[in-house]
Each structure stands twice: as structure tokens, then as C-alpha cells.
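Each protein sequence line maps, in turn, to chains A and B.
Read in order, the letters of the first sequence are residues 6 to 283 in our numbering.
Read in order, the letters of the second sequence are residues 26 to 401 in our numbering.
Take the hints with a grain of salt, since some may be wrong.
What the hints assert, rightly or not - Simulated crosslink set (DSSO-like; lysine-lysine; CA at most 30 Å straight-line):
hint	chain 1	residue 1	chain 2	residue 2
1	B	Lys106	A	Lys188
2	B	Lys135	B	Lys106
3	A	Lys102	B	Lys106
4	B	Lys136	A	Lys188
5	B	Lys143	A	Lys188
6	A	Lys188	B	Lys135
7	A	Lys188	A	Lys102
8	B	Lys106	B	Lys202
9	B	Lys139	A	Lys188
Claimed, not checked - Estimated spans, in silico, between C-beta atoms of each pair:
hint	chain 1	residue 1	chain 2	residue 2	range
10	B	Glu154	A	Gln182	28 to 36 Å
11	B	Pro120	A	Phe252	24 to 32 Å
12	A	Phe263	B	Leu198	18 to 26 Å
13	B	Glu47	A	Gln182	46 to 54 Å
14	A	Gln182	B	Lys308	51 to 59 Å
15	B	Glu154	A	Gly262	30 to 38 Å
16	A	Phe252	B	Leu198	51 to 59 Å
17	B	Gln203	A	Pro192	28 to 36 Å
18	A	Arg187	B	Gly46	27 to 35 Å
Hints listed in this document are in silico derivations from the structure and should not be mistaken for laboratory results.
Predicted model, so just to flag it, every value in this text is computed and none were measured.
Glycine residues also receive a C-beta, built at the ideal position from the N, C-alpha and C atoms.
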Amino acid sequence: MRTPLDRLRDGLLGVWSLGAVVFLFVPIFVIVLFSFNDNQGRFNFTWQGFTLRHWADPFGVEGLQQAFVTSLGLAALTTIIAVILGVCVALALVRHKWRGRGATGGLVFLPLATPEVVLGAALLGWFLTLGLIRGFVTLVIAHVMFTLGYVVITIRARLEGMDVHIEEAAMDLGANQWTTLRKITLPLLAPGIAAASLLCFAISIDDFVVSNFNAGQTVTFPLFVYGAARQGVPPQVNVLATAMLLFVVLLMFVNLGFQRRSARRQNREMETTPALGL
Amino acid sequence: MRGVDVSETDVALRGLTKRFGEMVAVDNLDLDIPRGGFFALLGPSGCGKTTTLRMIGGFEEPTAGTIELAGKDITQQPPHKRDVNTVFQSYALFPHMTVAENVAFGLERKKVDKAERKTRVAEALELVELGALASRRPTQMSGGQQQRVALARALVNRPRALLLDEPLGALDLRLRKQLQLELSQIQRDVGITFIHVTHDQEEAMTMADTIAVMRDGRIDQLGSATELYDHPRTAFVANFLGNSNLIDADVVSSSGAFAEVDADGGARLRVPARALSPNSSAKIRIGVRPEKMKLEAANGTPQAGDSSALLGHIVDAAYIGLATQYVVRTDGGADLQVFVQNNSDANSGLNEGDRVVATWDPEHTFVVEREEPNAG
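The shape of chain A in the complex, shown without the other chains (with noise of 0.2 Å):
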């Protein structure tokens, strides 16, 4: 029996619920709506009428095409390194014993636990005693450093929720290490090397606080952005930030659609053959 009470309840949960999503959401849709502001002058904070023009012209704004690439591609090379990496620590961390394996398993957290602004520092002075040169190097090597750990945890997760007699299973059946690692065990740690490259290309490209130390003279898009907002962040960014997200958006939905994929063929090839009582 549901009481008024009951009803007024619902009615302000469902109040809340929206002013969550609302708050959540509103900071995104300020972002795309004013990628379309057809702003006069430098700024564009307040809404002046409608326009496509930033949307033909997106890297219309100088350094702005130079910078979005040069994160692309840092965090392009940024996963490439930390992934291969990261699965070499995991398979040691979890299918072999030797001595420093449980002080290699802590250290590799490290990072993540360390404060950005902290890890930022301690990078540049440790760059400045070797006499490194900063630059696009220096970020590749500071990028895998943060996102190594990320990658560990990931791999380290699936590989222990793997079965062992599996990689002896093909060994069993005549294949070597380098067989099993192949045919085997990559293709089992695939949904994990999937997600662990998703993370690790997404802290990268949106990293300001451990670049802004050891960058130099490069600039990646989060710099770019910092720097131009002194100056009024020009609406280029807005497009290429709205770009980004609606990217990020398709992939989740081709996730979604192989997962929705599999399981029905799951389900219909559980159907169509008949059950052997077995």
C-alpha cells in the first residue's frame, strides 16, 4: 500500500536523482554548446548568437593543430610502451617467483599513489641532473612512468583470475614459451590489454601537471589550452574537446554493440544445438 508519504518520497528521489545528472552533465553540454558561439572578440563566455564557422575552420587558432597532435601522438607512443611494459611486469609479477618479486609488485604502485605535482617535480630535477633536454622524449618517458602502474594492475588482475593449467595445457601439447605466450596467453589477456591501452591513452592525452614540469618547448593540448586561457580560450578548443568526447561516445557504443553481439550468438547457438544431457 503506498502511502502519500511513499510518494512524496519517489517524487524528491526522482528531484535528486536529475539535479545529480544535471550537475554532472551541464559542465559537458556548456562545452559543446559554445563550440557553436558565434563569439565576437577573444573571449567566449557569454552566448552570442549561433555559427558552424569554428567547425569548418577547427585548428583555425595558431598552434592549436601543432599542439592536439603532438598529444595524439604522445599518448599514442605513451601506450604502446607502457602496455608492452606493463604486460612484461605483470607475467613476471604473477607466473614467475624470484627475488624483489614483492617489492617490484609495491614499487610499481607507487606512482599512482604519489601526488602529481610531487612526481612532476622530482621528474624534472631528476632530468636536469642527467642534462636531459626536455622535450617530447622527456614527456614519453614521465607518461609511461604514471601510467605503467595502471597497466600492472589491469594485466596483473586478469592473469590471476586466469587458470595456470592452461599455458601447461599447450605446453603439454607440444607448444614452447614463445608459442604459448602467442597463441595462448596474449589472446586471453587481450580484453584486458583493450582496457588497460583505453586507460593509459586517456591519461595521457588529458595529463597537464606532471607535462607542464618536464614539456620544455613542446606543447601538448592540455598546455595549449592553459596557456590560451590567460588570453581567452579560443572556441577551436570547444570543437576539438567535443570532438574527443563524441569519439569516445562511438566507442563505447562499438563495445557495447560486440558485447550485445556475442551474447546473442552465445544464446542462439545454446538453442539451435541440442542439449545431450551431458
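Following the hints, complete the assembly by docking chain B onto the known chain A.
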């Protein structure tokens, strides 16, 4: 297939030892596994049977000793070079491959050409009656089906020996019984040496030609199911395979086919002389299986006949359908289990508290060594 010489040894273990730190898992094991038979390593968990199997497969490195396969020392060979295949307890099927791809995996590694591969995979799947499911994924199959895929995947390579690590352990009782029969049928069909690890004595007795009972990293006794059941040589074997009544006894005389022993506070019993090993001491334990004993209502002292007999009274009677299980406390204070089949009404009327005499044919008496009370 090939001319199988029964006396030929397929797998030979020599002084095989495995230590994990302080713990000795396998202790100086010597074992010859004959060619073409169904061999079972039977023992409780932690007795070293799985470790032994894993050393034969190449997944554990022996601390000491050697492993020979078909006369060649393979102790140092990695698993992928050994001509043995394993059926794992967890099946360990490759979840990202279809059933057919799983079965073809070993043949691909051996570079068997595609046409032959296809035929042999189809044959192997026919053998385990899974021909219709070749394009399925293992995750879409029941435990019993997965078990068959694992078997086909190993057998298709025609290994010198097939290692089975508790392959039926995860299945329910009915399916297990059915697959036990199928497994021994398949073994007879293909003629490959099967080495089967199990803790289930019934499973070992149903399937294996030869059973090695393991305890604490050593083999307690090796023989056929009948030998182990009728003539166990240790108390452990006597109790691990079925139930036994064990009574301490002292040998008083030994002449002819039977020796006379004193047991249970003065009763004079007879045991077959061949059951006594030449070097056994006078202090022994004798054993009788519960179903080999008969119960009668006691009137006076047991007559001195051909049977061995002990007097006592019934302390417990449990009706379990095809038999009634009695517990008889003898006058000497020992508790005997007696199974009486309910195939006639001859024993009806025996109730708790009744004086009875338990009799048995002395031929059915076996002898085990008397162990120190704190041993085992």
C-alpha cells in the same frame, strides 16, 4: 596398432624425489608402469600422486631421481618435447578457440598437414561422441562435455602415455560413473598407456589394471584391484580400499597351510601361512573384510571347526537396504563391522544386545604389520 609386449615398461621412475622446502612430496619413488595398461595412482590428498604425475608431464622439476619414457631419460626435457599428454582436472581448455581448434592445437604444433589434421580431429571427436559440437566454444558446454574435449585434445596426438589428473573429480556422481566406464573402454580401444591419478578408491578399482596406493610420498602397495582388496599388506591399504576389521594377534605356531594365532584375549584363530611374510615378527595384525563374516546367535562356546570364530554381542545394527551393518563388540573388547546381505531371512531376529558368534573362512584372513600406536 603396434605389437604390444605386456612386459614392456613405458614409464620408469628411478629414485624420484620432490621436495617443496622442508616438505617431502615424493620420496625416493621407484615405479615401472607397464605399456598399454590402465595404471592408477591412488591416495589421499597430499600423498604426492599429483606431484608425481606433474613430474612425468614436465611441470615440476624433480629434486632427485630420473624419469624414463620408453627407455629414454626425459628428466631434463621441457613439457613440449615429451611424448606424453595430460588431461587436467580443470580441463584447461582454450576458451578463445572452438572445440575443433582445441583438438587441433597439438597437431598444428607437430606440423601435421591440414588434410590429415582435419581427419584426425574428426576421428578424435567421434571417439568421445562430440562430432556434432566441433564448432562450439568450450564455455558453452557442460562439464562432462568439456571433459570429453580435454580427452580428445590429448588423445589425438597419440602420445606414448596419457596422464589423467583426477579428470572426473569435478563431475557429479552419475556422470562420473558413466565416464569411468567410457574411459576404460576408450583406453582398451586406443591401447595407449593411461596413468590416472585419483583419490577415489572405487574409481581406481573400476578402471585400472594396476593400482599403486600412495601414502606420504611413497608407494604403500602395488597390484591389481583384487590383490589390493583381498590381500592388503598394510593397515593403510586395508582401510583405504574398503572397510576392514583389524585385530592385533600373536603367532603361536606355524606349520602347514595355516598358522595359529592368539587374538582378542585368548581366542585361537587360523590364518593362511602364505599371508605371513618370512620376516614378519610374531606380533602381527590380522584383518577380515566385514562382508566375509557371518553372524549367528551364540549358544555356548564356538565349536572348533574349520571356521575362525569370535564371540561377542551386537552393539549396533543399521539396515541399509541391500545389507544390514552390524557392529559386534567381542569379548576381547574389539569392535567388528559385519555386513550381512539381506538375501534371506536367515539373520532376522538378531538385535542389539544379542550374544552372537562371528565366523569366517580362515582363507579370507589377511595379515598386516602391527604399527606403533603413534605411527601414521
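*Would you pick out the hints that fail for this structure and give their numbers low to high?*
Hints 8, 12 and 13 are the ones this structure does not satisfy, whereas the remaining hints hold.
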